[in-house]
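2 protein chains.
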Amino acid sequence: MTQPDTTTCRVLFEPSGLKTEVPRGATLLDAARRAGVYLTSICGGDGYCGKCKVVVNEGDVDTPPTTLLSQKETREGIVLACQAKVRSDLVVTVPKSHALDTARIVVDSDAHRFSEMTGEEPGRDLFALDPLVRKLHLTMSPPNEQDQLADHERLYLAVRRQFDAPHMQTGFRILQQLPDILQKAGYDATALVALRGDVAEVVDVEPGDTAGCNYAIVVDVGTTTVVAHLVDLTSATTIDAEATYNTQMHFGDDYIRRIMYAEEHDAFDEMQRRIVGDVNDLIQTIAVRQGIGLGCITSVICAGNTAMIHFLLNLDARRIRKSPYVPAAGWIPPIRAAEAGIRINKRGLLYCLPAVGAYVGSDIVAGALVTRLDATDGLKLFIDIGTNGEVVLAGEEWMMCASSSAGPAFEGAGIRHGMRAGPGAIERVTVGDDGSLHWRTVGDGPPRGLCGSGLLDALAAMLQADVIDRTGRFTDTHADRIAEGPDGPEFTLVPAEAGRDAIVMTQADVANLIRSKAGVYAAIEILMQMTGTESDALEAIYVAGGFGNYLDVTSAVTVGLLPDVPAERIHFVGNASIAGAKMAILSRQAMAKAEELANRMTYVDLMNHPGYMDAFTQANFLPHTDVARFPSVQARLAGTTSQQDR
Amino acid sequence: MTQPDTTTCRVLFEPSGLKTEVPRGATLLDAARRAGVYLTSICGGDGYCGKCKVVVNEGDVDTPPTTLLSQKETREGIVLACQAKVRSDLVVTVPKSHALDTARIVVDSDAHRFSEMTGEEPGRDLFALDPLVRKLHLTMSPPNEQDQLADHERLYLAVRRQFDAPHMQTGFRILQQLPDILQKAGYDATALVALRGDVAEVVDVEPGDTAGCNYAIVVDVGTTTVVAHLVDLTSATTIDAEATYNTQMHFGDDYIRRIMYAEEHDAFDEMQRRIVGDVNDLIQTIAVRQGIGLGCITSVICAGNTAMIHFLLNLDARRIRKSPYVPAAGWIPPIRAAEAGIRINKRGLLYCLPAVGAYVGSDIVAGALVTRLDATDGLKLFIDIGTNGEVVLAGEEWMMCASSSAGPAFEGAGIRHGMRAGPGAIERVTVGDDGSLHWRTVGDGPPRGLCGSGLLDALAAMLQADVIDRTGRFTDTHADRIAEGPDGPEFTLVPAEAGRDAIVMTQADVANLIRSKAGVYAAIEILMQMTGTESDALEAIYVAGGFGNYLDVTSAVTVGLLPDVPAERIHFVGNASIAGAKMAILSRQAMAKAEELANRMTYVDLMNHPGYMDAFTQANFLPHTDVARFPSVQARLAGTTSQQDR
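Chains C and A, in that order, are what the protein sequence lines are.
Residue numbering for the first sequence follows the numbering used here, starting at 1 and increasing by one per position.
Residue numbering for the second sequence follows the numbering used here, starting at 1 and increasing by one per position.
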């Protein structure tokens, strides 16, 4: 079926039946985009994530060599869509599990989780619905000889009829276009108004009533993952969500490496281009899927660590990695989104939540906001585990925070079968009465890997089932399921079956996970030491992060990630960064509260803290060197062991 | 001395001795600019003002035919510098009276006049010195490991140490540059802060202490004349001033004609280019003369009629001339001056004072501000005579305003020997006891023409000396000095002498001046009728306009321009537009007061007022058809007549 002389090739995608024509030489990923087939492409088409696998059923493609496909896959006609170049007419099958909806489950259930926490949608009950950018439908009477009020004042009068704004502002370009817009619209128009202090700025004016069409994009700008939600500002509901990997990953797994790279290669512009591109891609995907024009998206709010926000806005990030570790800005005023290259309404605004400092970013402030750490009567702990592990300990009168470089192990990075929470991700691992391990996947389909909650469970289960000892080393108990793999010994969690490989946990995976949890626990310990806090005094522990749909709190205590407090005091809050940012974009009260929280938090620099390395070393055990700190775990392990002994 | 083959020619200007080289074919005006010789060029080099006359002593120029030079002048080697093209090396003499300083006298004495009125400089005593844009010198301690505050927050903290700003904003570009600026400056920097409501916006940050270098340009954007003052915002003093003709004059004498022209020729951009160019030329001239960099000029404030402000900002001016006569905007927020093309500090602001409506502009609001019409216990009248004549009548509880198309006769336009107030301008004409006419020029030099105050005096004197009768027609009394000229009969005010022509008043000039004054008087009459005001009740009459250094109030009453009230109640206030705008740029309180005044004034549309035409017709006499309204004039004329009868 090869047609080497044809310059345009037809590509048919199965099972959707969508088809397109592309120039010969285009990539399959381009063809898919053109056909409206959404493929998971978490590296943005750079060929390193290996997630955009498709099967070429008929026709020819050019594919460069890659280590991301096994020989078996290659034999089966599987290619990376981003790397495969179209040489002829093609019939391609998109494996169901690789279509883009893999990403949607997590973000959707996040939205639900916060619905439960805050009544309905975040912000709605706790704070009044009062968004930064609102649309006001204005019905004005046209001027006549008895009413010669200027167009601009007529507009202001109509705005002020809807709310009190002592001072008003208008963008100059809008002022120039105003007479034309109002006359053509018969003085029936909608104003886009942004509020700051007692100043209301008319940002845009559109003919007719478009007040119902007012959306915001809420973005969690993670080092590894970028998540975007679409929020209807009129009804305060979440409409859709989408996630992607941060394509800056090309330049380093953590942001310190990325800053170094950018400095060495003069690549801060490129860093901005990448992350802005990722955000734009998410916005575009959601907008297309929902049939919403970009003009209806009037604001974007972002939360993320300080380096990511600096990259996003191309603020000087260099001193984030160099003493005295000073950001360009913690608080950043709302700017025009277009100034940062973000494509929404061309006059729409971009607001980034404020950060505490170089190592405690606005994602943590968002978490403190959504868990209402400021409204505590006793002591509360907030922990966000992403690429780094940030901890906030809040008393009635104070708030301390710290950051540990936990590494992105619980996000699945650096873990052989780590993956995002999506169909086929093992999200739950339990130990049966007989010491056998059981698992459950998202969507109950065939297992493809482990997401954060599954990894945590697996670590706890392997400890309880005596697969590993308290140092994390494989024991001889299940020697039949341990084999030597390319990275050293590995434990087979799910044996291979026809059509799929085994899912394993390597010795290196276990060590990685233990280091991650030890970093977080040591940070908690230092803050508790500094404030004289005992575990018993903790009223609540909120755990945020991309673990998946849920987190087993017993597992978290078992491995020594969290202090040993009763399970009912531990709450998994999912992506708190998104949830807090959503609150802030829905309510200026919440936005002001976030700014207050950022100002109130005291940052503790763990790297300069004399006790931190000790605490970290001691935490590099399961659950801890000092097992007496974890009485419930001690009891549980004793029980399991005795059970196994029988 | 002709060198036809040379492509570059040397031009020497006498008496300054300044010289330059220009390409053959360049105009003498270009050569003068290049040599640093400032010539009066009120039409901007378009060859219709006839003011840039120079004498070519040696060498050849090409000159097109012009009616602006007499045969005698041509014989003497006089050419229009803007029209004369250089053909060879030249020696040129610039007549002293034609150098640019002709413009300076008026503006300088305006500054003095307001110094007298308001104590020192306008704004200083009445309102607190609190400019829209201020510079704050900030001495910050550089960050260290004990003080990791972000640069942006460090800046805000330093700003807030100097004054309370509940909300702050920062321009995005400044935010991006901030770390670099602060580090290079060792955290010793100056912030440019613009204030609006309770929001303070950091507009720019400069290294070191530049707080002493903060200037504003105050512009009166007139239909005929554009005047600019340079004000030091630190000391609230006026440093310099400059004036030029509005080069839009090319497209019509009044703004209605210019709007029509722009509509017909799609020339609104060109209109903006012209007026912005005029303003930029004034700024440039002043800045060069004072050795001040444009970067130190941080704001521009403009006042002018509504059409001029619309032209300046390229706002839709079309409905100013069409029912229902609605401007795009009366109130316009401060914008970045660069957005309108005005060249000052690239982040500097432009604020235009608010207008009342299509026909009562911000120049009138400025006048109401500077004469404190809002602070009246009784009744006050404000009259601004420029190209139009606007009138404001203010009571304790109300303010009425109206506009009459007076025409620019008192600005010298359409008057044979009318000119701006400058050296050689006849500013004063009196009648001697013997009925003879006497005159005095600005600078006491040889007479060159008549400025506004001279024209008003001349009209009054000619009436008193029986040169004209109460209808304005020439009588036979001084038939020896009346001759037939190109425009009909003309009265020789100053006979010709060796080296200069006679200065005359033509029958058409007289009719023109009477029409102008009648329009203004009729407007006053209608407002007084509508409010039931009697002349006796007027506590004060403020007269503004470009009459010159002063105005003889007796003459103004004699010709019937103003109601017959005791002379001590009439105050000539010169360019009130500049003075009010200066107040506003020096004090945000004054700016807020101007906005309040614009809102409070009620506009009366004279064109739709049934009594206006009648009132106008009756006022087309000297002083008025109903001479009983002017008892002091009646008495004076009777006295003069009886004197002449002797």
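Certain hints may be false.
To be verified - If you only want the chain A side, here are some residues facing chain C, beta carbon under 10 Å, derived:
hint: 1; residue: E145
hint: 2; residue: Q148
hint: 3; residue: R154
hint: 4; residue: Q177
hint: 5; residue: P179
hint: 6; residue: D180
hint: 7; residue: L313
hint: 8; residue: R318
hint: 9; residue: R319
hint: 10; residue: G432
hint: 11; residue: S436
hint: 12; residue: H438
Stated by the list, open to error - Just a few of them, taken from the derived set where beta-carbon distance is under 7 Å, the chain A residues facing chain C:
hint: 13; residue: D151
hint: 14; residue: H152
hint: 15; residue: T170
hint: 16; residue: I174
hint: 17; residue: A338
hint: 18; residue: E339
hint: 19; residue: G341
FYI, nobody ran anything at the bench for these hints, they're computed from the structure.
All figures in this text were calculated on a predicted structure; none of them were measured in a lab.
Just so it is clear, CB atoms sit at the ideal spot from N, CA and C, and this is done for glycine as well.
How the hints compare with the structure:
1. Because the smallest distance between the Cβ of E145(A) and any Cβ of chain C comes to about 5 Å, under 10 Å, the interface hint for this residue holds.
2. Because the beta carbon of Q148(A) sits about 6 Å from the nearest beta carbon in chain C, less than 10 Å, this interface hint is met.
3. The criterion of a C-beta within 10 Å of any C-beta in chain C is met by R154(A), whose closest approach is roughly 8 Å, and the hint holds.
4. With 10 Å as the threshold, the beta carbon of Q177(A) comes within range of chain C, its nearest partner Cβ sitting at about 9 Å, so the hint holds.
5. The restraint placing P179(A) at the interface with chain C holds, with a minimum CB-CB distance near 4 Å, inside the 10 Å limit.
6. A cut of 10 Å between beta carbons decides the hint on D180(A): the least distance to chain C is about 7 Å, and the hint holds.
7. Checking L313(A) against chain C: minimum C-beta separation of about 7 Å stays under 10 Å; hint holds.
8. Taking 10 Å as the C-beta cut-off, the interface hint given for R318(A) holds, the closest approach to chain C being about 8 Å.
9. Below 10 Å, beta-carbon pairs count as interface contacts, and R319(A) has one with chain C at about 7 Å; its hint therefore holds.
10. This hint is violated: G432(A) has a C-beta 51 Å from the nearest C-beta of chain C, more than the 10 Å allowed.
11. Checking S436(A) against chain C: minimum C-beta separation of about 51 Å lies over 10 Å; hint violated.
12. A hinted interface residue such as H438(A) counts as satisfied when its beta carbon comes closer than 10 Å to some beta carbon of chain C; here the least separation is about 48 Å, so the hint is violated.
13. With its C-beta approaching chain C no nearer than about 5 Å, D151(A) sits inside the 7 Å limit, and its interface hint holds.
14. A cut of 7 Å between beta carbons decides the hint on H152(A): the least distance to chain C is about 3 Å, and the hint holds.
15. Checking T170(A) against chain C by beta carbon gives a least distance of about 6 Å; that is within 7 Å, so the hint holds.
16. With its C-beta approaching chain C no nearer than about 11 Å, I174(A) sits outside the 7 Å limit, and its interface hint is violated.
17. This hint is violated: A338(A) has a C-beta 10 Å from the nearest C-beta of chain C, more than the 7 Å allowed.
18. For the restraint placing E339(A) at the interface with chain C, the shortest Cβ-Cβ distance is roughly 5 Å, inside the 7 Å limit, so the hint holds.
19. Annotation: interface hint on G341(A) violated; nearest CB of chain C at approximately 12 Å, more than 7 Å.
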